[in-house]
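Q: These protein sequence lines are chains F and S, in that order.
Mapping to my numbering: the first sequence position 325 is 325, numbers consecutive.
Mapping to my numbering: the second sequence position 161 is 634, numbers consecutive.
Because the hints were derived from the structure by calculation, they are not lab data.
Hints may contain errors.
Stated by the list, open to error - Derived contacts from chain F toward chain S, CB cut-off under 8 Å, selection only:
1) 87
2) 107
3) 469
As the list claims (entries may be wrong) - Counterexamples of contact, computed for chain S against chain F with all Cβ distances above 10 Å:
4) 495
5) 505
6) 512
7) 575
8) 596
9) 727
Claimed, not checked - Below, a list of computed lysine to aspartate or glutamate pairs in the DMTMM-like style, where the Cα atoms sit at most 25 Å apart:
10) F:328 to S:642
11) F:328 to S:513
12) S:705 to F:381
13) F:191 to F:345
14) S:705 to F:132
15) S:705 to F:255
16) S:705 to F:360
17) S:705 to F:121
18) F:445 to F:246
19) S:705 to F:115
20) S:691 to F:90
21) S:548 to F:90
22) F:59 to S:535
23) S:705 to F:90
24) S:527 to F:115
25) F:425 to F:309
26) S:705 to F:246
27) S:691 to F:386
28) S:705 to F:85
Since this is a predicted model, take the numbers as computed values, not measurements.
Ideal Cβ positions, reconstructed from N, Cα and C, are used throughout, including at glycine.
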Amino acid sequence: MKSKKILSVLLAGALTLSCMACGSNETAGSDKGSADAAAEGTTGDSTASDGAEAAGDGKLVIWTLSNDLIDFGARFQDQTGVEVETVVIEPANYPTKVQTALLAGETEPDIIVGEPKMLEDFYDAGFFADLDEFGAQDYADQIVDYVWEVGQDADGIQRAISWQITPAGIYYRRDIAQEVFGTEDPDEIGKLFADYPTILDTAQKLKAAGYRIFSSDAEMNVFSGDTAWVVDGVLNVDQSRIDYMDLCVSLYQGDLTAYANQWSTPWYQAMAGEVPILTADIQNYADDSVNVWDAEQFEEATQGMETTEVFAFGLPSWGVLTLRDNVKDTSGLWGVCSGPAYGFDGGTYIGISSNSERKDTAWEFVKFCTLNEETADWWIEYSQGDSVSLKSALEKHKDDENEVYGGQKLYQFWLGQAEGIDTSKVTRYDQALGDAWGNAISAIKTGEKSKEDAIAEFYDVVESSYPEITVNR
Amino acid sequence: MGTGFKIKKAILYFLLILLGMVCLLPFLLMIVNATRSGVEIVNSFTLIPSTHLKENWDTVFEYFNLFQGIWNSVKVAVPATLLTAYFSALTAYGLAMYKFKGNKFIFTMILLFMMIPGQLGLIGFYNLCTRLHLVNSYIPLIIPAVAAPGTVFFLRQYVLSVLPPSLVEAARIDGAGELYSFHRIVLPIMSPGIATMAIMAFIGNWNNYLLPMIILNKNEKFTLPVMMATLKASTNIQSNQGAIYLAVAISVIPILLVFCFCSKYIISSVSAGSVKE
């Protein structure tokens with residue numbers, strides 16, 4: 001009996017709902033706002049496009065993929081009284097979301113953002129408004145050059161600006177440097193990483209002293225963009241790419257790393273001190289007796305294994321925060337020096353949606369985030385160590401000392417690294433080709449393929465994925 | 474009750490307990506991880522709860538109002554599930570019990586539509602919603618649930634196997650109208666099948682991410698999965714790990730509730746003995 005009752009309630013509910021829903025669906029075409037409000041039983045949320053019809057209404061809608069902009073937005077609202085609505089979308093789906101909305105002609109969002117790897121596609125699709133119309137070029141010399149250039153499309157029109165710089169550096173242990181090389185000076189240590197053969201040499205010296213140079217063999221990846229992947233539509237595999245490949249293979253086969261994978265448990269643990277030296281088989285999962293993602297089991301399985309301490313990590317400037325959270329007892333023992341080349345990774349670039357009807361307010365916001373020294377000061381303080389792109393702020397903070405890194409003046413260092421970045425080497429293919437090249441390296445180092453075969457396969461992959469690129473074997 | 478039987482039983486129980494543990498371990502892990510900080514989660518693995526539940530809770534609420542998300546998801550998932558269940562049952566019954574021209578053709582078309590992934594028409598669907606001024610409303614998430622080819626397919630097979638045509642004929646002879654006999658006779662008999670599909674539909678709607686992510690533009694209208702994804706958008710992903718686990722752990726509760734509710738149906742309403750041959 002009881003079940004029958006529930007069933008009838010369910011049915012009644014389904015019927016009423018379906019009637020309501022159908023009814024409102026029919027009226028939706030003619031009477032837009034009230035229809036969905038009625039169906040939902042809520043009032044007051046009319047459709048989004050309605051809100052956008054009034055321009056300059058003291059409102060700003062931001063779609064972002066990192067929650068930093070929530071804080072920027074709240075601050076902007078406090079200072080200007082403009083009502084800021086920040087919507088955060090997960091990075092993986094951000095391009096899809098922006099694409100669908102802008103292609104359908106939505107006038108909201110007003111502010112859209114992008115990471116360097118998405119930017120060129122966004123430029124080509126015309127999603128970003130022309131910032132030069134607002135006089136962006138007047139500010140050209142206030143922002144670190146590479147950031148300014150990444151924000152330009154192929155015709156040199158300013159489309160987006162970032163508030164951060166993300167140059168790559170090598171994070172090393174000062175105490176180990178002192179012991180093995182007799183110095184902990186960043187300039188001197190930088191020389192030990194000056195080029196790929198030197199790094200190999202450094203790695204061997206460290207091994208002889210009972211240490212390992214890197215935790216994983218992928219640490220130099222952020223620096224490997226020394227030459228452009230594609231020049232005038234032709235695939236360019238420079239000698240430095242081959243050198244990088246050789247280095248990775250030598251590090252791996254010469255037993256010179258701790259055989260961890262980046263972002264796995266032992267990789268993080270290596271930041272805090274001693275870690276077991278794994279074997280090549282564990283790293284590539286051929287030997288599954290050790291679970292590298294599971295610390296307790298990991299500790300058990302690696303008991304009795306030889307341990308070591310890791311000398312260095314290669315990460316962009318946001319690595320400052322990653323290390324800060326994981327170094328534990330080795331806090332203060334770290335230093336940062338330059339790598340074999342200049343490189344950068346990530347960064348959020350802000351621009352104005354070309355459909356926006358509040359472009360002037362939006363431009364105020366872009367200026368507020370990127371070109372306002374007071375904002376930059378606040379952000380340095382608030383983020384506890386993120387690096388900004390505004391030159392005057394970097395100048396002002398150049399004597400700030402970071403205690404985790406032995407009191408090193410990091411902002412000065414990052415500015416120097418950022419100035420060395422040459423954006424003409426950045427192409428839209430970097431991510432995909434870098435990954436394919438990484439696969440080739442993995443295949444060689446594990447002995448799965450010969451060097452010739454792996455490179456030939458890399459060419460095949462490029463040819464089939466990007467028909468527009470000419471491949472000269 | 475010989476010893477052989479006892480041993481068999483022991484082995485059976487052992488295997489079942491093992492299976493139960495395998496199924497429950499991920500849930501347990503999720504709950505334990507919900508109490509640990511991000512750094513702890515990245516660094517080690519344990520079944521001993523830690524002390525960061527409050528911090529994780531605060532982190533979650535710093536990003537969004539979890540209860541608002543649950544309520545939004547309920548507003549989408551419950552009507553959508555009911556629509557799917559009722560209309561699929563209606564369609565399936567029609568296709569299985571009535572003989573008319575084009576029956577086969579319609580069924581084939583439904584089968585065909587089952588094969589087309591919905592994501593393909595995403596941009597077109599969004600455009601349609603813009604024209605109808607339905608962006609940012611729940612209607613585009615609920616109404617399409619009426620047409621669920623997979624559910625219709627399943628239920629049609631189910632009707633054919635559990636519902637003897639003579640039962641409906643008997644109702645007709647007694648003077649019942651077609652809809653009346655569907656509601657009073659066919660639906661109760663079909664309810665185990667409907668309950669099964671309703672669980673599936675509810676879980677699908679509850680966890681649906683792509684469509685709400687595209688259609689909804691306001692923070693306060695986001696459904697739970699879209700809200701939870703914003704935790705991954707942080708620059709501080711590592712420290713948010715615990716908060717993500719906590720949010721997921723809480724978001725599973727409604728699914729468990731629905732499952733308990735529907736599984737009772739599956740067990741209780743078996744149509745045995747409704748026809749005497």
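Q: Indicate, hint by hint, whether the structure satisfies it.
A: Verification of the supplied hints:
1. 87: holds (6 Å)
2. 107: violated (11 Å)
3. 469: Nearest chain S Cβ about 27 Å off; hint violated.
4. 495: holds (16 Å)
5. 505: The assertion about residue 505 of chain S holds, with a minimum of 12 Å to chain F.
6. 512: violated (6 Å)
7. 575: Given that every Cβ of chain F is farther than 10 Å from that of residue 575 of chain S, nearest at about 24 Å, it holds.
8. 596: Since the minimum Cβ distance to chain F is about 5 Å, residue 596 of chain S lies within 10 Å and the statement is violated.
9. 727: holds (17 Å)
10. F:328 to S:642: This hinted pair is violated, its Cα atoms lying about 77 Å apart.
11. F:328 to S:513: Satisfied, since the Cα-Cα distance of roughly 12 Å is no more than 25 Å.
12. S:705 to F:381: With Cα atoms ~23 Å apart, residue 705 of chain S and residue 381 of chain F stay inside 25 Å; holds.
13. F:191 to F:345: holds (22 Å)
14. S:705 to F:132: violated (33 Å)
15. S:705 to F:255: The given pair, whose Cα atoms are some 35 Å apart, is violated under the 25 Å limit.
16. S:705 to F:360: With Cα atoms ~31 Å apart, residue 705 of chain S and residue 360 of chain F exceed 25 Å; violated.
17. S:705 to F:121: Status holds; Cα separation ~23 Å.
18. F:445 to F:246: holds (9 Å)
19. S:705 to F:115: holds (15 Å)
20. S:691 to F:90: The hint holds at about 14 Å.
21. S:548 to F:90: Since the Cα atoms of residue 548 of chain S and residue 90 of chain F sit roughly 23 Å apart, the hinted pair holds (cutoff 25 Å).
22. F:59 to S:535: Judged against 25 Å, a Cα distance of about 23 Å means the pair holds.
23. S:705 to F:90: holds (6 Å)
24. S:527 to F:115: violated (33 Å)
25. F:425 to F:309: violated (35 Å)
26. S:705 to F:246: violated (35 Å)
27. S:691 to F:386: Judged against 25 Å, a Cα distance of about 29 Å means the pair is violated.
28. S:705 to F:85: holds (19 Å)
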